[in-house]
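Q: Below, each chain spelled out in residue letters.
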Amino acid sequence: MSLPDKHLQQALQHAPDRELAPNEITRKAVLDHAAMALLQRKSRWLQRCQHILTLEYWHIPRWQLAGMGSTIAILLVVAVFWDEHVAELRTGKFNGEPIQVASAPTESLQQNADGLAGRAKDEKTQPVSKPMRVENPTNSRIIAANESSDNSSVQNKAALNTKSTELGLERNETQQTTAPVIITADKFVVASAPEAVVDQNVGSSIDASVGLKQRLPSIGVDALAPTDKAVAVNNIGERSDRLGNAEVDKDISAKKLALTSENRSEAKVKIKKDVSSSVGTIVNSNMAQNNAMKSGVALANKDIQAGILRILTHGKPTVTSVPLIDAVTGYRIQIIEGSDVSTLLPDEVEAYNQVMQDYYARSSRLN
Amino acid sequence: MSDIFFKDEELMRKFCNGDERAFQTLYQRHEKPLYRYVRRVLGTALVAQVDEVFQDAWMRLVDARGSWQERQNASFKTWLYTLAHHRAVDILRKSGREISIDEGWKDDGATEYTGTAPWQLWPASSAEQPEQKVFWHSAGKQLLHCLDGLPVAQRAAFLLQHDDGLSLEEIAQVLNAEFEMVKSRLRYALTKLRACMGAYLHPLFQTE
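In order, the protein sequence lines correspond to chains L and Z.
What the first sequence shows, in this note's numbering, is residues 13 to 379, in sequence order.
What the second sequence shows, in this note's numbering, is residues 172 to 379, in sequence order.
Since the hints were derived computationally from the structure, they do not count as laboratory data.
A hint or two may mislead.
Derived lysine-lysine pairs resembling DSBU-like cross-links, with alpha carbons at most 35 Å apart [as the list claims (entries may be wrong)]:
#	chain 1	residue 1	chain 2	residue 2
1	Z	178	L	40
2	L	18	Z	304
3	Z	304	Z	203
4	Z	203	Z	185
5	Z	354	Z	265
6	L	40	Z	203
7	Z	304	Z	178
8	L	40	Z	312
9	Z	203	Z	265
10	Z	354	Z	304
11	Z	312	Z	354
12	L	18	Z	354
13	Z	178	Z	203
14	Z	354	Z	203
15	L	18	Z	312
16	Z	304	Z	265
17	Z	178	L	18
18	Z	312	Z	203
19	L	306	Z	178
20	Z	185	Z	312
21	Z	304	L	314
22	L	40	Z	185
23	Z	185	Z	304
Could you put the whole structure together from the sequences, leaning on the hints where they help?
A: The structure is reproduced here in structure tokens:
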């Protein structure tokens, strides 16, 4: 009974529905469904690959991703600007152009001393609003090194020692203090002689106590006239009180005892010599200042033509996640130097920024 | 090498690996037999549902190809007909024509022919004469009519054996029934069909 019946099988083969087939729509639907299933299979693989590439696959929370992204962005910004900063210091160039510095003085220190003594006398009572200018860039670097309390500047220290020897300055290492004292737009007496009063603006970031201490032995209070000596000692004493330097007070007391036995004529000679050697490092040169300002103006005009609008500044590098913006102009603030800058750089930056601000004012009026 | 030389199982495996042409070959190979089976199981009363059942069977096969890969030694044809049969039974249930699972098992009073049966006088199936062709065409038509009178389980067992060439084991898998039950269904189906066919064709030979 399990074998097929040949007659019935034959009858089935001759049945009228033998050649029936599904309609074309049904056939197309089935084949399309199969094709679509294969496409979805491929797309599932693609989706899985995409899912792996996305960070969701690794189960990292979004807040951690945001933190990681912010950290990377900050590091990137710091690295970029830090590289620029270091490169400028190393090459001595600012935006591709060499930083212009004044040439070395050609006149003798004696002539400078005489001229400055006269100027100092004239400007004695006038308030000082500009930073101290030094004609010789090498000297300026020495002063900066002397007056800076930054012990990390080994290079400046080496230059300081070398140049101090050349200029006859006796640099007493034991008198250095680690307590920085910032003196801004202030005056202090270099020597007690009337012609030796020099206005000095030490600047916003100079440790004046070190410079003061270094000058005390070399200026030669001992060589002053008794009356002048008394004035000088009093002035220096007041200064040292303000600075809070015990060692200076001690030194001043010793000098007071020696005043009575000094010769006036010898004092005058020493005054000229000491003052000339001292003021040689703090000469204010209008020529160098003008050159720096011209350089700043030229650079600003060049940047404006190139479409680079920015405000320059110098100081301690600031690490922020957002760029610094100038409140007046809205331009980006770029830090081009650190705190230890050339004395010509502020003039150049000031001139540069003035041109930018003028340009902003003109643009605002046009708009 | 063309896909027509591959077995069903190899083609199905290729389709599971993303070969669309393998599926097209499979479809062309089983399109008409499966359509006939669905049509005959559903009967003349549910002809309108044939395309739906046929299409659903193939789509289920496509969607369930993942489970096919897990069945290492399964026969593709058995699987395909199982899907189609289950879908057809669903339609029959919905239409109120559902028949209990034991329907084809119990003796419904059909008696086997004894002596000289009418079909023993039927012409040979290889006859080429026009009269003989007409006879077999009429026989086929009568057989379809007789099939409509059979219970679904017996009808399906008969069709799977006589038209689609499945073995008894394969039929048992498709119908989800035991082997002996399948044999019994076949026996009753053949008895009824022979009686039906003899009653119709016998007068034809009596006239000769």
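Q: Find the hints from earlier in the document that the structure breaks and name them by number, from lowest to highest.
A: 16, 19, 20, 21 and 23
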